[in-house]
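Read in order, the letters of the sequence shown are residues 0 to 107 in numbering that gives the first Met the number 0.
Among the hints, a few may not be true.
To be verified - Listed next, the in silico EDC-like pairs over lysine to aspartate or glutamate satisfying Cα-Cα at most 20 Å (straight line):
#1 Lys73 <-> Glu63
#2 Lys51 <-> Asp10
#3 Lys37 <-> Glu24
#4 Lys40 <-> Asp10
#5 Lys40 <-> Glu28
#6 Lys51 <-> Glu63
Hints listed in this document are in silico derivations from the structure and should not be mistaken for laboratory results. From a predicted model like this one, the values you see are computed outputs, not experimental measurements.
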Amino acid sequence: MSMVFLNKFCDCLVPWNNKSVLPLEKRKELGLQGKGGKLSKETQFALQFTTKSLIGIVNHIFKEHTPEYIFSDKFQADSLEARFGQFRQMSGGNYNASCLQIFESEKS
Numbered sequence: 000m001s002m003v004f005l006n007k008f009c010d011c012l013v014p015w016n017n018k019s020v021l022p023l024e025k026r027k028e029l030g031l032q033g034k035g036g037k038l039s040k041e042t043q044f045a046l047q048f049t050t051k052s053l054i055g056i057v058n059h060i061f062k063e064h065t066p067e068y069i070f071s072d073k074f075q076a077d078s079l080e081a082r083f084g085q086f087r088q089m090s091g092g093n094y095n096a097s098c099l100q101i102f103e104s105e106k107s
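Let the sequences and hints guide you as you build the complete structure.
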């Protein structure tokens, strides 16, 4: 993955989400699906935050450790997400499990 691409991608997120779109009625009239190709504020923030974080950590690693390459796929949280999924299931499918519920799940 190119750092140039990540920087350009991050730079185009705000203008992309600020673009003017056809009103929903006009989109329906034209048979277009979706809401116009915009991201929710939360999704835009998360995408920018994640991209900037990846850029920052890669820059830090290259500066401090000078590796030949970095496996960017190692910067993911699938195992952590899976573990919290287990906690939610052990708490009755509760999406917002409390610390106490998680501690009790760990004891089991």
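Hints, one by one, checked against the model:
1. Lys73 <-> Glu63: holds (18 Å)
2. Lys51 <-> Asp10: holds (10 Å)
3. Lys37 <-> Glu24: holds (16 Å)
4. Lys40 <-> Asp10: holds (16 Å)
5. Lys40 <-> Glu28: At roughly 26 Å apart (the allowed maximum being 20 Å), Glu28 and Lys40 break the hint.
6. Lys51 <-> Glu63: holds (18 Å)
This entry does not satisfy hint 5, going by the numbered hints stated previously; all others are met.
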